[in-house]
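Respectively, the protein sequence lines represent chains G and U.
Taking my numbering, the leading residue of the first sequence gets 1, the next gets one more, and so forth.
Taking my numbering, the leading residue of the second sequence gets 1001, the next gets one more, and so forth.
Treat the hints with caution; some may be incorrect.
Okay, derived cross-link-like pairs now, DSSO-like style, lysine-lysine, Cα gap no bigger than 30 Å in a straight line [as the list claims (entries may be wrong)]:
#1 U/K1391 to G/K354
#2 U/K1416 to U/K1363
#3 G/K354 to U/K1262
#4 G/K105 to U/K1384
#5 U/K1391 to G/K329
#6 U/K1130 to G/K272
#7 G/K318 to U/K1391
#8 G/K354 to U/K1384
#9 U/K1262 to G/K318
#10 U/K1416 to U/K1252
#11 G/K354 to U/K1416
#12 U/K1391 to G/K328
#13 U/K1262 to U/K1130
#14 G/K318 to G/K329
#15 U/K1252 to G/K354
Think of the hints as simulated: they come from the structure by calculation, not from any bench.
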Amino acid sequence: MITTSSKLFYGLGAVSVAAAIVWTIANDGGALGAVALVFIAIASIFLGAIASYVRDGHVLSTDIAQHDSAPAAQRGPGRSWFPLGTALSLGMVVVGLVTSPGIFKVGIALLLAMLGEWLIQNWSDRASSDVGYNARVRGWVVHPLEIPIGGALLLGAIVLSFSRIFLALSAEAGPIVFAILGALVLFFGSILSIRRGVSRGVVGALCGIVLVALSGVGIATALSGERQALTVASAEDHYAVHPCGEEAEEYDGSAGRAVSAKSSVAATVTLKDGVLYAEMDGFSGPLSSITLQRSLNADILFQNEDAGMHRMIVTYGKTVEDLGGGVKKETVLQTCTAMIGQGGAQQVVVRIPKPSFASDVPYTITASGIEGASIEVMVP
Amino acid sequence: MKKMMNQLGESMKTARRWQNASKTAIAVSALSFLASCAKDAPQDTWQPAGPNAERIDNLQRPVFYVAGIVGVIVFAAVAWVIFRYRDRGQAIPEQTHGKPALEIVLTVIPVLILLGVAIPTASTIFKLAKTSDTEMTINVTGQQWWWEYDYPAAGSNAEQYGITAPIVTSGQLVIPENTKVLLRVTSRDVIHSYWIPKLNGKKDSVPGRVHLLRMEGSKPGIYAGQCTEFCGLSHAYMRMEAVVLSRADYDKWVANQLEPYKAPEAGTEAAAGEALFIQQCSRCHQVNGLANPDGSLIISAPDQYLVSGAAPNLTNLLTRNTFAGASWDLLTPECRKNVWNASSADFGERYLEGVSADCLNQKDLREWLRNAPAKKPMYADPTKLTTTGGKYRGMPALGLTEDQINTIIAYLLERK
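With the rest of the complex left out, here is chain U (with noise of 0.2 Å):
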């Protein structure tokens, strides 16, 4: 009676380990089957916007169901070996060795997976790595922690799409749709890598190399992204989004960024806001155009006071949607909502329109300029500089007063 009643607590414990083990697995495999279930997921490589992504989603995509097939059939056999031959107290079976056919058997069928897998996939990064087709040539350089793109004023650049001097921002690159655009990548610094996940996979930024990434947009919006290659401090910090116009809409914009600069009108807060710029910010941020009160152009020199001797030009800095390596919005959300939501038809309009005092995020700007490396993790301390030459590797707190933000503010709502 004991035996039989030790025998019952021994299966009842057992039944309830596997009900317990059961539930868990249960709850992982929902856990994980939910987080793919992300609507708003900018970043989503299963999402391709253009011809380049879409190239990466055909080839991943059977590999993936290839890979999951796979995955089920080899976890499913060694699940019932386990169940089948656990130990029971059994004889130890006949043991042998060796079986031709079996052998055999098991490795050409995975050759054969991995050839299937292995001639698409060389064919695809051929494709990727064609260069022959490129209708526009952009310079895409990484320093800690943000993006600047350049736009060469020569070859195709200048004869189709009106380049005549070159363009320089940063934060947000812009490319006209369906325009095969080849990305000059490199960095100033350390290794960065760049990546739109919906637009085409990864490129190593590697300081003294330049290295080539095709990119295309299918259809108008916005396409965020981010360094994908740890790069410091304010790693996560490094994002980017790609804007794709239309090519009417991109000739605006090409148009408006080789505007002459316009000078606040005497008088007002953004003309107080001009000088406190040129006192405070033009040592590192260039504004092409801003010149002292003799006419002389003011030439920022980031190299004298910062390690990757560059600063984000904010001549059009309220043409961007982003600010602090595309990190914080300049749009408040509701505004951002318009813009990132709108239909392919309406964004280029509602882009072009760039950020409004209505729209503008004082927030985010307000507490960047207070003090930027609390906002930004960015190695600022003007104690600790002399690793590197009493150089900063990002924007210091300039110690600036309310009145004096207002001020700027101001000044940089012109900056359009």
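Pulled out of the complex, with its shape left as it was, chain G reads as follows (with noise of 0.2 Å):
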């Protein structure tokens, strides 16, 4: 029988030993401090078995006709792991303390609910004698709450568990795996609703066992990271403002998949047979002249359906830096995308500050390698 105190004491082996693991890890193999808390650990758990043993000294191990009889063997209201959940979560808001400020934030966050439930599962199991009841007055105080947020972390595991496999999987095997999925889920979901006297046992194993599987593969993918195109795309910081020159080595392959983002952008600029054409929401036809609001993040998509790399410049005046003695140092704002090949697109985020007047030379967006292929640009 587990009793109070054992409780305490395996709780802090425990965290010891979750604390030894990441002391390890975090001090990239340091020894002294994860030997402290293996020692605490084994003092712990070696504790928590002595005071199992004797009953939390209430009854002596050498009485055995009091084993039974004593008030410390009575069935007590019911096992409560809160605090084991306590000590778990103190152990998480001190490791976090050296570690991580989100593992001391979850920790806390944790330390608050458990030490919650702690207390009401402390005063619903004195409401009265009936053990049954105070399990049912605990659950009117706290059902409320332990349902919905119960729910919505677990959603919240299934939806990171499914995004993380979906980001690790290449963007052709994503849709496939996914119907497959949704398949298996309908099939099993038809057989279990016709199919009469499935225990509820049953169905809860089955779910409880795709449950662990998905959050399985889902730790596994997060841990293997995302599809090399995103990685590469997130290094390079695709959406941020590149020096034009600098280059990437992810672009979309196919220009045709367009996803939200592309959806409603402020201009679709395209290369083909060596002309430069823009096509704006509104505008029927091909666009040699477009205009763009001043100081809004315009999106422009890039469509390369030209052979060969070419990559789209917009230019857009220059700004002029005195560095003293006479000295003026010009510096042409341009946006670039990455040279991209044929049948590939990539979208940029444009800021202009200044009006096109304020200029001499037009505002522009040309493709590199392409001579004469110009779109002017013209903001109020």
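Assemble the dimeric complex from its two separately framed chains, guided by the hints.
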């Protein structure tokens, strides 16, 4: 039997083991702290075992007759895992203090939740002498919080696992896996719904297995990281404004696979047969001149339909910096895409701070390596 | 006897309760009814003034009537059941479960009603989303807390309407009558929503996205609107107006907007106002053509001072009837009435007169120039700008003297 005080020792032991693992990872193999924590764990578990054996010291271990009749041997109000949870949360807070603010914050949240649960259970256990009634009283108080929060956490875990899995899979495999999973859920759901007499336990066990499997794969894929294209795109910060000339390794291989971010761009610029033209919602036909709002983050999608690698270059004036002594440094303001192959596309965000009439030279969109192809950009 | 008296007392109490409840119900109904009788309701969706709003009206009216009839039937049935089968100490009647015929009927009727609503709804949605028949395109950009309109000099705008250079304005959207205008709605900062109830439904303006909204007015006039997505402190002061002009008047408006800048005559109060404007206002507000004494153009830099990176272009401020996010009129109440209540034939001429010195609403404009944040809350406290990197979300108090305000107003009066 796990007695009250033994739970505290077991909890401390478990926390110490967890802390030792975290310590080892966080300190790159530093042994001293881990050794101390492991010894604390061993000692705690040993003390917990003794506390269990002697029933928290209420009965002598040699007094066999008392083992069943002593008050400490009577069935209590039920197992409570909240002391253990509190101890784990406290450990998490301590570990978080040393390692990461994120772990610390989660630890604090868990600690508060565990303490709250512990308090309420303690109160409900003394509501009456009827254990069943006490459990119901507890439920009235905490279920309105426990069920929605638990549900949200469960849903969050499922969504997070799914997102990690699909970010790790290739763009081609993702839809196939999703379709197969959906079909499997539909298939087993249909079988369960038409078969009579399937016990709740079986359904619950099936759901549990699926959840554990999903979480496991989610954790595994989270640890393995996102697919190569996303990793590179993230490292290259594709949505940031690059100085023209910096090369990117990744861009959309298929412009036709437009996602929502590309569905409502300010303009789509296409290079085809050596001609550069723009299309904008609201204007019929290709445009050789576009108007963009001033100081607005305008999304422009560049599509290369020509053979060879090209990039789109948006040029919008220049800045002049006075370096002193009559020396001035001119910087041409440009935003570019990466060099893109045939059939590729890349979206860039252009923010033009000055109106076009402020510049002696017209604002333009051009394509690298294509002489004479240009779109005028007007900014009011 | 005592029992009878008690019963009589109870009956009287019940009757009084019913009387009070009836009075309250009648008062609430009357108030609701009267609230729908507002004569001057510029944002009334039940008074469409263009084909797009008419399509919505043609859909919402029958749906409203059907929903009203269903609502009355349901309320009456519930009231009858409550009254007829109220607890009078009678025995609980026989309990039954399931009545397939009734259940089927009660399922089929709502399905038929919903189908009857869904078909015209889908049809209306597709008609309102159509863009292939666009005759004019205008960019609409929301920011805290005003709307900017710019007319691109491209496509049919340039070919058919003579917009040879982009026009930028704010507060009032000016469009030609019976023209299928497509608004490209976006935002510089947070999500707003564009809505001129008499001309069409609403459309969210979302940073990084361009949403399309059809707009068409059947007759000349001014149509009011309001941002309908909570967008911060002065959301309630983010208003807009759509001005519909006849084609001839619209051409005059375009020509006026494209006219080059005319500097005030030297030595006048307006010239002093121009100098002060350059010093105080041109950091954020652009006036196209405004130049330094050496002839170099003055280009505002709102990017450096404002979170949204934009401030209203004031090149032709006094051709508009409103200022500060269309929250206040530039016209005095009498002059405003002359414009708003003008017949369709006279409206264009009155609107194109712009704001004269006699018609200028000096009170509100002066209050604005004295201390803008006091009139419209805009997070403009210079001591609390650390979270925005030192940038304002609106116009700060400039600390102008009354004389300086006079010169600024003299200068602005020539901006038309």
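Comparing the hints with the structure gives:
1. U/K1391 to G/K354: Given that 30 Å is the threshold and the Cα spacing comes to 18 Å, the pair holds.
2. U/K1416 to U/K1363: holds (20 Å)
3. G/K354 to U/K1262: With Cα atoms ~22 Å apart, G/K354 and U/K1262 stay inside 30 Å; holds.
4. G/K105 to U/K1384: holds (29 Å)
5. U/K1391 to G/K329: It holds: about 27 Å lies between the C-alpha atoms, which stays within 30 Å.
6. U/K1130 to G/K272: holds (28 Å)
7. G/K318 to U/K1391: holds (24 Å)
8. G/K354 to U/K1384: holds (27 Å)
9. U/K1262 to G/K318: holds (28 Å)
10. U/K1416 to U/K1252: holds (12 Å)
11. G/K354 to U/K1416: holds (23 Å)
12. U/K1391 to G/K328: holds (28 Å)
13. U/K1262 to U/K1130: violated (41 Å)
14. G/K318 to G/K329: The hint holds at about 10 Å.
15. U/K1252 to G/K354: Distance ~28 Å between U/K1252 and G/K354 Cα, so the pair holds.
Consistency with the previously given hints fails for number 13 only.
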